[in-house]
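Visitor: One line per chain: the protein sequences are A and B, in this order. Sequential numbering of the first sequence, starting at 1, is according to our numbering. Sequential numbering of the second sequence, starting at 1, is according to our numbering.
For the record, the hints were derived by calculation from the structure and aren't laboratory data. From the three backbone atoms N, C-alpha and C, an ideal C-beta is built for every residue, glycine too. There may be inaccurate statements among the hints.
[As the list claims (entries may be wrong)] Computed footprint of chain A on chain B; a stretch qualifies when at least three of its residues, placed anywhere within it, have a C-beta under 8 Å from a C-beta of chain A: (1) 159-166; (2) 201-213.
[Unchecked claim] With a Cα cut of at most 25 Å, we get these calculated SDA-like pairs of lysine to any residue: (3) A:K130 <-> B:A57; (4) B:K254 <-> A:K130; (5) A:K130 <-> B:A343; (6) B:K198 <-> B:P227; (7) B:K93 <-> B:R32.
[Said to hold, decoys possible] Partner residues aside, some chain A positions facing chain B, computed with beta carbon under 10 Å: (8) M1; (9) L8; (10) P20; (11) F29; (12) A81.
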Amino acid sequence: MTSIADILAEHKDKEGPLLPILHDVQKAFGHVSEDAMREIAQTLNLTRAEVYGVVSFYHDFRKEAEARPVLKLCRAEACKARGVEALMPIADTQSRVKVEAIYCLGLCAVGPSAMAGDKVYARLDDAKFKSLLEAM
Amino acid sequence: MTVRISDDAVAIACGADEVAAAFIAAGVAVERVSSWGMQWLEPLVDIDGVGYGPVSADQVADILNGTAPSLGRIADHPFIANQTRLTFSRAGKTRPLSLDDYYASEGWLGLAKAREMGAQATINTVMASGLRGRGGAGFPAGIKWQTVARADGEQKYIVCNADEGDSATFADRMVMEGDPFMLIEGMAIAGFAVGANKGYVYIRSEYPHAIAKMEAAIKLAAHLIAPFVVEVRVGAGAYVCGEETSLLNSLEGKRGEVRAKPPLPALEGLFGKPTIVNNVLTLAAVPWILTHGGDAYAAFGAGRSKGTMPIQIAGNVKHGGLFEVAFGITLGELVNDIGGGTASGRPARCVQVGGPLGAYIPPAQFHLPLDYEAFAAADALVGHAGITVFDDTVDMAQMARFALEFCAVESCGKCTPCRLGSTRGVETMDQIIAGKNVEANLALIADLSETMKFGSLCALGGFTPYPVMSAIKHFPEDFR
Numbered sequence: 001m002t003s004i005a006d007i008l009a010e011h012k013d014k015e016g017p018l019l020p021i022l023h024d025v026q027k028a029f030g031h032v033s034e035d036a037m038r039e040i041a042q043t044l045n046l047t048r049a050e051v052y053g054v055v056s057f058y059h060d061f062r063k064e065a066e067a068r069p070v071l072k073l074c075r076a077e078a079c080k081a082r083g084v085e086a087l088m089p090i091a092d093t094q095s096r097v098k099v100e101a102i103y104c105l106g107l108c109a110v111g112p113s114a115m116a117g118d119k120v121y122a123r124l125d126d127a128k129f130k131s132l133l134e135a136m
Numbered sequence: 001m002t003v004r005i006s007d008d009a010v011a012i013a014c015g016a017d018e019v020a021a022a023f024i025a026a027g028v029a030v031e032r033v034s035s036w037g038m039q040w041l042e043p044l045v046d047i048d049g050v051g052y053g054p055v056s057a058d059q060v061a062d063i064l065n066g067t068a069p070s071l072g073r074i075a076d077h078p079f080i081a082n083q084t085r086l087t088f089s090r091a092g093k094t095r096p097l098s099l100d101d102y103y104a105s106e107g108w109l110g111l112a113k114a115r116e117m118g119a120q121a122t123i124n125t126v127m128a129s130g131l132r133g134r135g136g137a138g139f140p141a142g143i144k145w146q147t148v149a150r151a152d153g154e155q156k157y158i159v160c161n162a163d164e165g166d167s168a169t170f171a172d173r174m175v176m177e178g179d180p181f182m183l184i185e186g187m188a189i190a191g192f193a194v195g196a197n198k199g200y201v202y203i204r205s206e207y208p209h210a211i212a213k214m215e216a217a218i219k220l221a222a223h224l225i226a227p228f229v230v231e232v233r234v235g236a237g238a239y240v241c242g243e244e245t246s247l248l249n250s251l252e253g254k255r256g257e258v259r260a261k262p263p264l265p266a267l268e269g270l271f272g273k274p275t276i277v278n279n280v281l282t283l284a285a286v287p288w289i290l291t292h293g294g295d296a297y298a299a300f301g302a303g304r305s306k307g308t309m310p311i312q313i314a315g316n317v318k319h320g321g322l323f324e325v326a327f328g329i330t331l332g333e334l335v336n337d338i339g340g341g342t343a344s345g346r347p348a349r350c351v352q353v354g355g356p357l358g359a360y361i362p363p364a365q366f367h368l369p370l371d372y373e374a375f376a377a378a379d380a381l382v383g384h385a386g387i388t389v390f391d392d393t394v395d396m397a398q399m400a401r402f403a404l405e406f407c408a409v410e411s412c413g414k415c416t417p418c419r420l421g422s423t424r425g426v427e428t429m430d431q432i433i434a435g436k437n438v439e440a441n442l443a444l445i446a447d448l449s450e451t452m453k454f455g456s457l458c459a460l461g462g463f464t465p466y467p468v469m470s471a472i473k474h475f476p477e478d479f480r
């Protein structure tokens with residue numbers, strides 16, 4: 001299993017290494033914990049507040065693990081124009097999958113669209129959205 | 001027989017991998033290529049130039065036995081035939097990570113030309129092309145390059161802004177997923193021209209396919225661009241990092257807060273060094289300009305908007321996709337003739353041009369030509385040239401509220417008009433939607449918009465008033 005120290009060592013020669021480090025920590029552990037922030041701060045010679053400030057600034061980084069599967073559903077203008085808001089009642093009547101708003105996946109002519117991990121989905125209608133949620 | 005199927009994110013999201021697998025299972029080899037950009041037809045199957053689409057895996061047998069209806073020759077399709085593809089000349093035709101395909105289609109000629117003519121002549125060529133920044137601001141690329149070239153300093157950087165966060169824009173994504181060597185070549189030319197040995201591509205995390213393609217392409221092309229080195233950096237879900245100074249802070253590993261300008265990034269940019277920050281489309285246009293000459297590029301376009309613009313037609317539209325054409329085409333042509341009207345078949349009520357910070361434009365203004373100055377004169381933005389079409393079921397008060405909500409979610413928090421104004425704006429819009437003190441609250445929104453427009457540090461707070469005020473101006477009936 002990768003450790004925080006491994007990740008820090010891998011990025012030590014980079015200019016401005018904090019974001020690549022945080023991405024890798026989040027990927028390996030599912031979130032960036034208090035302990036991880038402490039270790040990162042110490043190695044990069046930053047204050048904990050500075051690291052915390054960066055983690056809390058970006059939507060991608062979680063300070064606590066999310067136990068449920070996460071589906072990021074695009075709710076930006078182009079997907080709104082194609083009816084994403086009509087899918088929300090389906091999202092809201094279940095709680096097994098965490099449906100998060102995301103603003104744009106660049107699939108703007110084939111929306112409503114969504115992403116789970118690195119997998120992308122388009123042309124979602126009620127039926128496709130339901131089966132996508134059930135399959136997660 | 002050559003079967004070509006795109007492996008860009010739209011095609012994959014629409015099921016292209018399953019279709020490709022079905023062809024392979026039937027014993028047919030498949031080439032995965034870039035996308036033609038006709039997204040309503042994805043997954044589009046190209047068999048020796050003849051198109052089928054949208055195709056699902058269960059139609060593959062019919063296509064192979066010749067009973068499936070075809071779209072005819074793809075290159076003759078009006079959506080393709082009516083374009084002027086310079087930046088997207090390879091779209092649909094080449095394998096994104098094939099150096100052979102890239103060499104065979106004018107690849108690396110621009111870089112060779114630059115090295116042959118020298119740094120200053122390269123800058124002069126970009127200057128002569130009239131190329132303006134495609135990210136939205138429209139600043140002349142040649143002037144930016146000249147400024148960085150003349151700046152003092154051993155270390156300089158090329159930063160490619162690939163944080164394409166505007167809704168209805170996907171041209172950057174298509175370049176990175178479909179023609180990554182072109183972008184790398186553009187960055188290498190910029191590096192050569194201004195004396196920078198290091199380039200960063202800052203790609204948003206919402207684009208995993210683009211990240212993978214760029215990383216693979218950089219490895220394959222490293223020896224061709226040396227001593228110039230390119231590295232991918234991945235964003236972390238902050239829309240504001242598309243603003244250049246916020247992007248630079250993010251690259252440095254800081255909160256993506258906006259910096260006050262001056263100093264300009266051209267003089268004090270990444271790590272305080274002279275830095276070119278250019279959009280993907282700006283840098284991707286450069287190899288063509290070097291290969292064919294600045295004047296050849298400037299021959300396209302209208303007024304001071306030179307060259308071509310890869311326009312993205314999206315939202316509730318029948319024929320959505322990537323349409324590259326010289327500046328000057330009207331909105332009406334784009335929406336009705338090329339886009340074929342709405343996907344729902346209902347009347348179009350408005351379009352939003354330029355992403356979440358762009359104005360809503362009613363059909364009465366569809367005569368507007370796409371050109372930086374003509375749009376500015378009509379209180380609108382070309383931006384990154386994304387067009388979202390809405391039909392008559394849209395509630396413009398909700399869209400105005402959303403613009404403010406989006407600004408509140410994505411504000412970096414550095415300046416007060418944006419940080420507080422957006423939240424107060426949402427509250428005030430809620431009052432209006434609930435029918436409380438409507439006239440007084442609309443006056444308050446107008447006043448707030450004025451403050452945000454002139455008091456914000458960057459375009460997020462400064463341009464959020466465009467969608468809000470244009471919605472109120474053109475669709476007052478939705479607010480009362």
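Visitor: What's the verdict on A:K130 and B:A343, does the C-alpha distance respect the 25 Å limit or exceed it?
Guide: 22 Å, holds
Visitor: Is the shortest C-beta separation between A:A81 and chain B less than 10 Å?
Guide: With a minimum Cβ separation of about 4 Å from chain B (threshold 10 Å), the hint on A:A81 holds.
Visitor: When you check the alpha-carbon spacing of B:K254 and A:K130, does it fall within 25 Å?
Guide: 39 Å, violated
Visitor: For the hint on A:P20, just tell me whether its beta-carbon gets within less than 10 Å of chain B.
Guide: Status holds, d = 7 Å.
Visitor: B:K198 and B:P227 were given as a pair; does the straight-line alpha-carbon distance stay at or below 25 Å?
Guide: Given pair B:K198, B:P227 holds - Cα atoms ~9 Å apart, limit 25 Å.
Visitor: Minimum Cβ distance from A:L8 to chain B below 10 Å?
Guide: 13 Å, violated
Visitor: Hold the hint about A:F29 up to the distance rule: shortest CB distance to chain B must be less than 10 Å.
Guide: 16 Å, violated
Visitor: Check whether three or more residues of the stretch 159-166 of chain B sit with their beta carbon closer than 8 Å to a beta carbon of chain A.
Guide: It holds, with 3 qualifying residues against the three required.
Visitor: Do the alpha carbons of B:K93 and B:R32 lie within 25 Å of each other, as the hint requires?
Guide: 10 Å, holds
Visitor: For the stretch 201-213 of chain B, count the residues whose Cβ lies under 8 Å from any Cβ of chain A; is that count three or more?
Guide: Result for this restraint: holds, n = 5.
Visitor: Does the structure keep A:K130 and B:A57 at a Cα separation of 25 Å or less?
Guide: 21 Å, holds
Visitor: Report holds or violated for the interface hint on A:M1, using the least CB-CB distance to chain B and a cut-off of 10 Å.
Guide: 23 Å, violated
Taken one by one, the earlier hints fail for this structure at numbers 4, 8, 9, 11, listed in ascending order.
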